[in-house]
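Novice: The chain contents come next:
Number of protein chains: 4
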Amino acid sequence: MGDVLGVAVLGAGHMGADHIRRLDQVVSGARVAAVADPDPERAKEAVAGIEGVSVHTETAAALDAPGVGAVLIASPGPAHEEALLAAFERGLPVLCEKPMVPDSTGALRVVEAEARLGRRLARIGFMRRYDAEYRTLKSLLDGGRLGRPLMLHCVHRNVSSPPGFTSAMLVNSSVSHEIDAARWLLGQELTAVTVLRPRPSAGAPEGLLDPQFVVFETSAGALVDVEVFVNCGFGYQVRCEAVCERGSARIGEAHTMVVTADGGARAEVPQDYLVRFADAYDREVRDWVDATRRGRVTGPGAWDGYAASVVAEAGVRALGTGARTTVEMVERPALYGGTGTR
Amino acid sequence: MGDVLGVAVLGAGHMGADHIRRLDQVVSGARVAAVADPDPERAKEAVAGIEGVSVHTETAAALDAPGVGAVLIASPGPAHEEALLAAFERGLPVLCEKPMVPDSTGALRVVEAEARLGRRLARIGFMRRYDAEYRTLKSLLDGGRLGRPLMLHCVHRNVSSPPGFTSAMLVNSSVSHEIDAARWLLGQELTAVTVLRPRPSAGAPEGLLDPQFVVFETSAGALVDVEVFVNCGFGYQVRCEAVCERGSARIGEAHTMVVTADGGARAEVPQDYLVRFADAYDREVRDWVDATRRGRVTGPGAWDGYAASVVAEAGVRALGTGARTTVEMVERPALYGGTGTR
Amino acid sequence: MGDVLGVAVLGAGHMGADHIRRLDQVVSGARVAAVADPDPERAKEAVAGIEGVSVHTETAAALDAPGVGAVLIASPGPAHEEALLAAFERGLPVLCEKPMVPDSTGALRVVEAEARLGRRLARIGFMRRYDAEYRTLKSLLDGGRLGRPLMLHCVHRNVSSPPGFTSAMLVNSSVSHEIDAARWLLGQELTAVTVLRPRPSAGAPEGLLDPQFVVFETSAGALVDVEVFVNCGFGYQVRCEAVCERGSARIGEAHTMVVTADGGARAEVPQDYLVRFADAYDREVRDWVDATRRGRVTGPGAWDGYAASVVAEAGVRALGTGARTTVEMVERPALYGGTGTR
Amino acid sequence: MGDVLGVAVLGAGHMGADHIRRLDQVVSGARVAAVADPDPERAKEAVAGIEGVSVHTETAAALDAPGVGAVLIASPGPAHEEALLAAFERGLPVLCEKPMVPDSTGALRVVEAEARLGRRLARIGFMRRYDAEYRTLKSLLDGGRLGRPLMLHCVHRNVSSPPGFTSAMLVNSSVSHEIDAARWLLGQELTAVTVLRPRPSAGAPEGLLDPQFVVFETSAGALVDVEVFVNCGFGYQVRCEAVCERGSARIGEAHTMVVTADGGARAEVPQDYLVRFADAYDREVRDWVDATRRGRVTGPGAWDGYAASVVAEAGVRALGTGARTTVEMVERPALYGGTGTR
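Chains as they are written, first to last, in UniProt numbering: chain A, 1 to 342; chain B, 1 to 342; chain C, 1 to 342; chain D, 1 to 342.
Bear in mind the hints are in silico, worked out from the structure with no lab data behind them.
Where hints are given, some of them may not hold.
Partner residues aside, some chain C positions facing chain B, computed with beta carbon under 8 Å [stated by the list, open to error]:
#  : residue
1  : 28
2  : 132
3  : 245
4  : 249
5  : 251
6  : 254
7  : 255
8  : 257
9  : 259
10 : 260
11 : 321
12 : 322
13 : 323
14 : 325
Here are a few chain A residues that sit away from chain C, every Cβ distance over 12 Å (derived from the structure) [as the list claims (entries may be wrong)]:
#  : residue
15 : 51
16 : 81
17 : 157
18 : 266
19 : 279
20 : 290
For each residue, glycine too, the CB sits at the ideal point set by N, CA and C.
Next up, chain A with everything else stripped away, as it sits in the complex (with noise of 0.2 Å):
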C-alpha cells in the first residue's frame, strides 16, 4: 500500500499521547515520526520508548521534521486554526480533533484557506462516523428501507462533569457530536436550535444548568432532540433513536454480558467515552491512515468543522435566551458541493 506513513502529532496532552499510542501500536502503516507540546517534557514522556521521533516546541518544527507525511492535531482547541493553516500550507494531510475551531469565524477561515488550496486536506475528529453502532444506523437510513426519517431523539449522558465546566459547554462541546452525526445521519443541515432547561438536577454543580434538552430543526423539515445530562451519575450513555416513515431504529444500548444476580438482571452501562468509544478512535485513524497512504481525503471535512461552530454556537445563544435560534450559515463552497455532509 506504499510507504508507512510519518505522522507528526501536535500536542502531547491526554488525547495527544493516546493517538501516539494507537499509531505505534494499534494502526498498522503509520509511524509516529515527531511530535510538538509547549511542555518538551510532556512530549517527551508521551513517546517514551518510541524510535525515530523527533520532540519539539514549535508547530512548525514538528511539520518540517524529516519524515512526516500528514498531522495529527491534538493540541487544545484554539491552537487549532494556526496548525490547520500551517498544515495547508504544506499540503499535509490533516486529522484534526473536534472542535476543529471553536469559534466559527475562526472555522469560517479554515474553510476558506481550504477552498482557496482547491482540495481537501482535513479530516475532523467525528469519531461517532467510525462507530460500528453508527454506521450500521448510517447504512439502514441511505438504504431507505424505514422511508425518509422525521426524527431523532437523542440521549447524551455523563457520570459527571470535569471541574469548570460551563452550562453553554453542554451545547457546543458535548452536544457537538450530537451536531456532526446528526448532520451526518440525515445528509441535511441544521437550521434552527431551541433549548429548554428544566430545573438543573441536585447532583448538578451550582449554577449548572444540567440537564438540557436541545431542539433541532433540519433543512429538510426533520427534527433532532437531545438530551444533554452531564451528571447522570450512573454512567456513560448515547443513544440515538431514528424515527421514519415506515420504522424506527435504536442504537446506543448494546451490552456483552447479562448476570442475574441479588433479584435482577443486569447489563453495565459503560463509565466513560474511551470505553465506548474505544474501537470507533481506533477505526477512524485506521482508516484516515488508509486512505493518506492512498492519497485520498474522505471523511468528516473542514465544512463540517465549520457547520458544527456555527450550530454550536447558535445553541449557546438559544440557551441564553430562551428562544428558537436560527442558524444563519455561509454558503457552501464547491469543494464541500453537495455530499459534503454525507
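Please arrange chains B, C and D on chain A, whose structure you already have, making use of the hints.
Specialist: What follows is chains B, C and D alone, placed relative to chain A:
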C-alpha cells in the same frame, strides 16, 4: 364485601359493549343492571344473553332503573357532561370514559357541581394508571430512590389513524393520555406547552400533521416531551422514560417471546391499545367496582378530567400558533386539595 | 351463561385459601359454596366474610352441601385420590391442584375410574398452560412456522427451597411443571429420562442435590433438558427455549421496567411463582369456571396427571441410579385418545 | 517494542489469506516475511501487493527464509504436526490454527516435543479467548462474585453446514470451540462426555445427525451442555450461560441496533463466524505479535490443543455408542503445570 353492584352502562358502542362484557364476565362483584343508548337495537345487542338488564334510550331512565347503584359512562364525549350531572343529582358513583368533557368550560362545570356536592362521585377512565408497567414506574418515582424526576421522554405511536382524525386530535385525543399520565407520575401540573411539527410522514393522510413533538413544562420545573405519531405503520407503542437525578427508568418495551428466525431475533409489538392495555382496563373496572362496593371513591377524578381538558386545549392552540403557550387553570377546589393529582 | 357456579373447596391451607379468595373476588360467575378442611378453624378463617359458605371437616359432607356444583381440590397430594373418586361418584366437575395423585398407581386408578364413567370430569391444575407467555409459544409451535420442534431448553430456578425439600422433590415437584409443559407444548409423550448431578451448590442445604440437570427424550425423538436449581438465590425464573427446524423461540424473560442506575441497566426478576404466575392462576380458574358453567370439561385432564406421575417416578429412579431410565405407561384409554396431550 | 516481527505464514487458503491480510494491514508491529503453500499460485495471490515476502512450496524453506522470526500455521490440520515440530526445531514461536493436530496421538507428540524443549513456543488459535464477551465472562467467573460455576449452558449454531460435513464433525470441529472455552472459563478438565441425538432436522442434509446435544462433566463436578446445530438456518449464534452458586451470566446476544418495523422489534443475528468473531481474530493476532516481540509465549498452548483433541475423540466415540464416555488424558507435563488451562 356487600351486595353485587348493579351498574347502568351509558352508551352501547364499541367501548360500551366492551365494558358490558367486562362487567358481565370478567369482573367479580358487579352486574349490568341497565343500559342506555339512543339506538335501542344496539343496546339490546350489547346485552344479549345477560339476565336482568333493562334497556333504555334515555340516560335518566337508565339511572333510575331498579337495581342501579353506579354508572359507567361510555357514550360519546359531548354527552358526558349531562350524564355526569345526572349521576351527581342521584348521588350515584360514576366511572366516566375519557375525555371527561371535551371542552374545558364544560369540564369546569362538572368540577364545580361535584365541589358543590361536597363529596367525590366521579372517577375518570384514565386506564394507564391501572397498567402494571405504569404502576411500577409510579411506585419507583414515589419511592424516591432515583431522586427527583427531571424529564419524561414519551412515545405514543399508532399503526394508523382512523378516518376523520385531525391534527388537533393528535394533541387532544392521543396525547391526552400522556397529559394525565405525566400529571399522575410526577404529581405536578403542566403549566406550558409547545408543539413542534416536523415535516409530515408520507404515510400520513394528506393534510394531517403527523408526527408531532409536544413539549410540556411542569409546575416544578420538569420537562415532558411526547412524540405522537399516529401513522407509524408498525404497531401500537407507548413508551415512557423517566429521567431522574440518580438514574432513569423505562417502560413500554415488555414482550413475551423472542423468536430467532430469518436472520434476526424478533419480539412482536402489539397492534392496538386493546391488546396493550387489556389488563389495565380489567384492573381499572375491577378496582372501581371494589372501591364502590366499599363506599369509596378513588382514582383519577373530575379535577384530573378538567386539567386534562385545559392542557389539551392549550396544546391545540400551541399547535396552531407554533408558540409556547401557557396553561391557565382555575384554582383547585378544596375537595381535590393536596393529593388530587397523585 | 347460566347460574353462578357453587364451588366446594377442599383444603384451606395456603393454596386453598388463595383459591377461595380468587373465587370470591376475582373470578366472575362462581362463588364458594362449601369448604372442607380437617382443621375447622383454618377453614373458617379462609372463608371469613364470605356469605353462604358451609364449613366441613369431611370431604363427602362438603361435596354434598347445598349449592355445590363443582369441586376445587387444594388439599395435600395424598388426599387427592379419594377426593377425585368422590367427585366422580357424584358427577361433579373438578379442578385438582397438581400433583393429581403423588404416585402413579393411584393416578392410574383415577384414570381408570374416569374412563369407566365414560366422560371427563377432572381438570388438573397445570397452570402454566394458562400463562400468556406459554400460550404464545404453544400457538407459535402449533402454527408450524418454525418447523418441527427439536429441543426444549428449560430452566426452573427458585430463590431457596422450603424446609424438608428433598433431592427427589426437585424432580417430582419442581420439574413436574416442565414435564407437563413439555408434553403439552410438543404434543408428545416423554419416553426416557436421565438426571445429571453436578456438584451441589454451596448455597443448597447439606445433602440436597441441587442443582440437577434432567434430560427427557420424547416419543417423536425430541429432547427436553431442564436445569432445576431450587436454591439459586437470586429469583424465581422459569425459562423455555424451543429450538425448531427453522428458528428458535424463547419465553421467560419478560419484564416491565428497566432501571438504569449505579452503573448498570437492570430489570427485576420475580421472587416467587405467585408473582410470576399470578395471572396464570386467575386465568386458569376463570377458564375452568366458564367451561364448567357451559357444561364442558377442557384443559389438562386425568391422563395428563397420570403421565406426569409416571414420568416423575422414572425421573426419581434415574436420579438414584444415574442411568437413563425409560418411562413405562399404560395404553391411553379411548376417553383421552388422540389429542389428550394437546 | 523492538523490531517488526517477520512472520512465515503456512497455508494460503481461506484462513491463511485472511491472516496475511491481517498481518499486513491490521496488526501493527508485524509483517509477512514468507509464505508457503503446495500451490505456489495461491500463495502468490495471497501476498500480491505486499513487499518483501518470499514464496515457497515447502514448510522448511519458508521457516528458513530471511527475516522470519515467527510462524503462523494456517494449513490443513493434518499438516500441523510436522509444521509445529519444524518450528520447535528452529526455536520459532508459533501461532497454530485449531485443531492443533486432528488426532490425539499426534497432539501428544507435539506436547512431548515441546516438553522436551523445556519451554513453550506454541500458541493455539482458540480465538474465543480473545473475544470481548468471553473475556468479560471469564473475568467475572475468576472474580468469584457469583461463587463457584456449576453449569455452562452453551449453544453453537450455524446457518448451514458446508459440503462433506459429517456427524462426527459436529463434535470434533464445531464443539471443539466449546471444549476449549469451557476448559478455559472453568479452569477445569473435561472428564466425561455423553452425546444425545434428537431426531435430525428436516433442514439438515440426509444422514447428518444435526442437531446434537453434548454433555460434558468436569474434574470439579461441573456440567457443560452444548446444543450444536449446524443447519439452524437463521444465523450464526454462539451463546454461553454460566450458572453459578449466586447468580448466572450470559453472553452471546449482543447486538448493535434494534429496528422496529413490520409489527416487531428486531435485532440482526450475525450470519457467520467471521462477522461474529472478527474482532477476536484481530485481537488474538495482535496479542500474539505483541507477546512474541516481547519474547513471551502466552495464551492457549500445546496442552490445550492436546486436551481438545482427546475430549473431541471421546465425544466422537460417545456419539457412536450413545453411552457416557470417560476422557483419558496423560498426566500434564510440568511445563504446563498448574495454570495450563487458565
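Novice: State for each hint whether it applies.
Specialist: Hints, one by one, checked against the model:
Evaluation of the residue 28 of chain C hint against chain B yields a held restraint, the C-beta minimum of about 5 Å falling below 8 Å. Proximity of residue 132 of chain C to chain B holds as hinted, the smallest CB-CB distance being about 6 Å (cut-off 8 Å). Interface restraint check for residue 245 of chain C: the shortest CB-CB distance to chain B comes to about 10 Å, outside 8 Å, so the restraint is violated. Proximity of residue 249 of chain C to chain B holds as hinted, the smallest CB-CB distance being about 5 Å (cut-off 8 Å).
Of the supplied interface hints, the one on residue 251 of chain C holds, with its beta-carbon coming within about 5 Å of a beta-carbon of chain B, less than 8 Å. A hinted interface residue such as residue 254 of chain C counts as satisfied when its beta carbon comes closer than 8 Å to some beta carbon of chain B; here the least separation is about 5 Å, so the hint holds. Restraint check, residue 255 of chain C versus chain B: the minimum CB separation of about 6 Å is within 8 Å; hint holds. The closest approach between the C-beta of residue 257 of chain C and any C-beta of chain B is roughly 5 Å, which is under the 8 Å cut-off, so the hint is satisfied.
The restraint placing residue 259 of chain C at the interface with chain B holds, with a minimum CB-CB distance near 5 Å, inside the 8 Å limit. A cut of 8 Å between beta carbons decides the hint on residue 260 of chain C: the least distance to chain B is about 5 Å, and the hint holds. At its closest, the beta carbon of residue 321 of chain C sits 37 Å from a beta carbon of chain B; the interface hint therefore is violated under the 8 Å criterion. At about 34 Å, the closest approach between the beta carbon of residue 322 of chain C and any beta carbon in chain B exceeds 8 Å, and the interface hint on this residue is violated.
Here the hint on residue 323 of chain C is broken, as its CB sits about 34 Å from the closest CB of chain B, past 8 Å. For residue 325 of chain C, the interface hint is violated, the least distance from its beta-carbon to any beta-carbon of chain B being 32 Å, above 8 Å. With a least beta-carbon separation of about 41 Å from chain C, residue 51 of chain A lies farther than 12 Å from that chain, consistent with its non-interface assignment. Residue-level check passed: residue 81 of chain A sits 39 Å from the nearest beta carbon of chain C, beyond 12 Å.
Listed as outside the interface, residue 157 of chain A is inconsistent with that label: its C-beta sits roughly 9 Å from the nearest C-beta of chain C, within the 12 Å cut-off. A Cβ of chain C approaches the Cβ of residue 266 of chain A within 12 Å, the least distance being about 4 Å, so the stated non-interface status is violated. For residue 279 of chain A, the requirement that its beta carbon stay farther than 12 Å from each beta carbon of chain C is met, with the minimum near 20 Å. Every Cβ of chain C is farther than 12 Å from the Cβ of residue 290 of chain A; the closest lies at roughly 36 Å, confirming the non-interface assignment.
Consistency with the previously given hints fails for numbers 3, 11, 12, 13, 14, 17, 18, ordered from lowest to highest.
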